[in-house]
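**Student:** As a plain string of letters, each chain reads:
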Amino acid sequence: MKEKSNGLRVARRAALGPYGLWALLFIVVPLIFVAYYAFTDNDFRFTTANIVRFFTATSEVDGVITHTYLLIFWRSLKLALISTLICLLMGYPIAYILSRASARTQKILITLIMIPMWMNFLIRTYAWMTILQDTGILNSFLRMLSLRPVHIIGTEGAVVIGMVYDYFPYMILPIYSVMAKMDLKLEEAARDLGCNSFGVLRRVIFPLSLPGVISGITMVLIPSISTFYISQKLGNGKFYLIGDAIEGQYVANNLHFAAAIAFILMVILLIGMALMQRYANSKAAA
Amino acid sequence: MRKIIELKNVSKAFDGQTVLDNVSLDIYDNEFLTLLGPSGCGKTTTLRIIAGFEQPDEGELFFLGEDIAALPPHKRNVNTVFQRYALFPHLNVFENIAFPLREKKVPQDEIREKVTEMLRLVALTGFEKRSVTSLSGGQQQRVAIARALISHPKVLLLDEPLAALDLKLRKDMQQELKGIQKATGITFVFVTHDQEEALSMSDTVVVMSEGRIQQIGTPIDIYNEPKNAFVADFIGESNIVNGVMLADRKVRFSGQVFDCVDEGFGKNEPVDVVVRPEDVLIVPKGQLRGIVTSVTFLGVYYEIIVDIGGFKWMIQTTQFVDVDEEIGLYIEPEAIHIMKKSEYSGMFGDYSSFSNEFDELSDAESEADE
Chain A
1 MKEKSNGLRV ARRAALGPYG LWALLFIVVP LIFVAYYAFT DNDFRFTTAN
51 IVRFFTATSE VDGVITHTYL LIFWRSLKLA LISTLICLLM GYPIAYILSR
101 ASARTQKILI TLIMIPMWMN FLIRTYAWMT ILQDTGILNS FLRMLSLRPV
151 HIIGTEGAVV IGMVYDYFPY MILPIYSVMA KMDLKLEEAA RDLGCNSFGV
201 LRRVIFPLSL PGVISGITMV LIPSISTFYI SQKLGNGKFY LIGDAIEGQY
251 VANNLHFAAA IAFILMVILL IGMALMQRYA NSKAAA
Chain B
1 MRKIIELKNV SKAFDGQTVL DNVSLDIYDN EFLTLLGPSG CGKTTTLRII
51 AGFEQPDEGE LFFLGEDIAA LPPHKRNVNT VFQRYALFPH LNVFENIAFP
101 LREKKVPQDE IREKVTEMLR LVALTGFEKR SVTSLSGGQQ QRVAIARALI
151 SHPKVLLLDE PLAALDLKLR KDMQQELKGI QKATGITFVF VTHDQEEALS
201 MSDTVVVMSE GRIQQIGTPI DIYNEPKNAF VADFIGESNI VNGVMLADRK
251 VRFSGQVFDC VDEGFGKNEP VDVVVRPEDV LIVPKGQLRG IVTSVTFLGV
301 YYEIIVDIGG FKWMIQTTQF VDVDEEIGLY IEPEAIHIMK KSEYSGMFGD
351 YSSFSNEFDE LSDAESEADE
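Those sequence lines, one after another, are chains A and B. Under our numbering, the residue at position 118 of the first sequence is numbered 118, and the numbers go up by one with no gaps. Under our numbering, the residue at position 84 of the second sequence is numbered 84, and the numbers go up by one with no gaps.
Honestly, I wouldn't trust all of these hints.
The list that follows gives simulated cross-link-like pairs (lysine-lysine, DSS-like), each with its CA atoms no further than 25 angstroms apart [to be verified]:
| id | chain 1 | residue 1 | chain 2 | residue 2 |
| --- | --- | --- | --- | --- |
| 1 | A | Lys-185 | B | Lys-227 |
| 2 | B | Lys-227 | B | Lys-267 |
| 3 | A | Lys-185 | B | Lys-129 |
| 4 | B | Lys-250 | A | Lys-185 |
| 5 | B | Lys-250 | B | Lys-154 |
With the Cβ distance kept under 10 angstroms, some of the chain B side facing chain A (calculated, not the full set) [stated by the list, open to error]:
| id | residue |
| --- | --- |
| 6 | Arg-48 |
| 7 | His-74 |
| 8 | Ala-144 |
| 9 | Leu-157 |
Just so you know, the hints here were simulated from the structure itself, not pulled from any lab data. All C-beta atoms in this analysis are idealised placements derived from N, C-alpha and C, irrespective of residue type, glycine included.
One chain only, chain A, in its complex shape:
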């Protein structure tokens, strides 16, 4: 018995081996490189100039001198937060309805939600371009109905639409998986103990779904804060985001500064996530 379980443990370790190697090569080593590049100059000598540049570089925008990268960062954060909030507000009820549907319906709907994820994200973004353009599908449709065409492409709204569309499934799925595991009797118990539907949601379903909400927020916020392509295509390049800045510096062969921006973004996100986790834990303990 003992031997068998030992054998099992060894087998389990061995099975983890390839993943460990993979993680080392493609996660740990690149991270070290990012940090190394961020703190070195072109001759690979230690410097904090790249980091300092992020916080101090200025440029003239609409006749006003602004901190270039802080402004870009703030804009990225704002659009990412709006997208995340929209995803949460739309995704939460969908996840709930999904988790309470019949097993068959659940399977079909999950597949429908996942299908767009199988397509390349550049193609999806191009698709939104053809929809949102001034002469695009949306406006043709509006004209057909004799309504006034709308100008969306090249606005922050278009960027938000693109992000919401791309990252929506990442909000639904973690919330759904927590809700699907929830004991339905808990809802009945809450009703039995005097809660109306809103009370059940507020006092039982929401607190219990919090881990799913947190991971949904994380999974949407992080990619949307560092997204770059969507803003170029749907924002007509007018809304330079932090991801675009990294890409731009990289393309311009300015690897050290690109690494510095990436590094700072990572640190800020880590702090944000740690705070959120702490909030969730304190909520869970209460």
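Please arrange chain B on chain A, whose structure you already have, making use of the hints.
**Tutor:** Showing chain B alone in chain A's frame:
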């Protein structure tokens, strides 16, 4: 006694499958009423209709004379103890019990006072801060009871609350529940498939089968005067044989004529005759003779199976007999119970395929079902 809940001709079907068929039931103030039956008999559905989780397809439901069929669960003055407790895992013991009071915005001082009182009632003083997931099954059970009682409902509904506990704990909790019911004076409606539990705890037992009420009565009535073969078989062990009522207090079965105490049947009316295993006495000569086919020692008594003219009887006796021995049997007139023929006639009460093992297996199955 005041009538608290009244079900009138209630029927309910799920996906075309009838679960409750014209059920009428009165529940009175202060009583411990048990809905007893095998899995799928409709007892849990009855409870859920009273709680408001299910709507009857037909029929009416009254609470103190007022029709409440359309009232949602949170507006009913009844509370439920769920089978697997359904405690809120994100709240500690105190907050679980305080849950209904917080919904009513009761002031904090009063909440503290009431929760403390409830914890005392269920013997969990000092457990306030504990996480409910760290409690044993019995302790979780107590929290569930305290939470359901804290709003002082008129009626407490209990859905197989002891099914998940082990035997010893179950016995203790039976006593304790009975004690809580007496102390609070709240009407308990208790659902179980365990006939022993039903008999030992209840004031009134409602035996159900296939969505219909088979019999309502005190535990003693139900045991001594079962209405049909189903009830006789489900409550305890019964030998049920075909008989013919020759006249008042005269019945013929197993080829012999017996004196009995039942009256009011038609002349020569075919009937079901019930004799409890402990009421058959082993005597040297006897009214009946049979061959012992199996003997099982069960501690206080032996359970033996006797073949009498091809029909296998179960007899419980403290006397030792051997397999293949021929014995004489005597049945007192008071021990013979006559029932009218019913749809259940001939389905129960023959021990030819009996084995303790089978009995336990089917019990476990019905528990897993619900």
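**Student:** Okay, which hints does this one fail, numbers in order?
**Tutor:** 1, 4, 5
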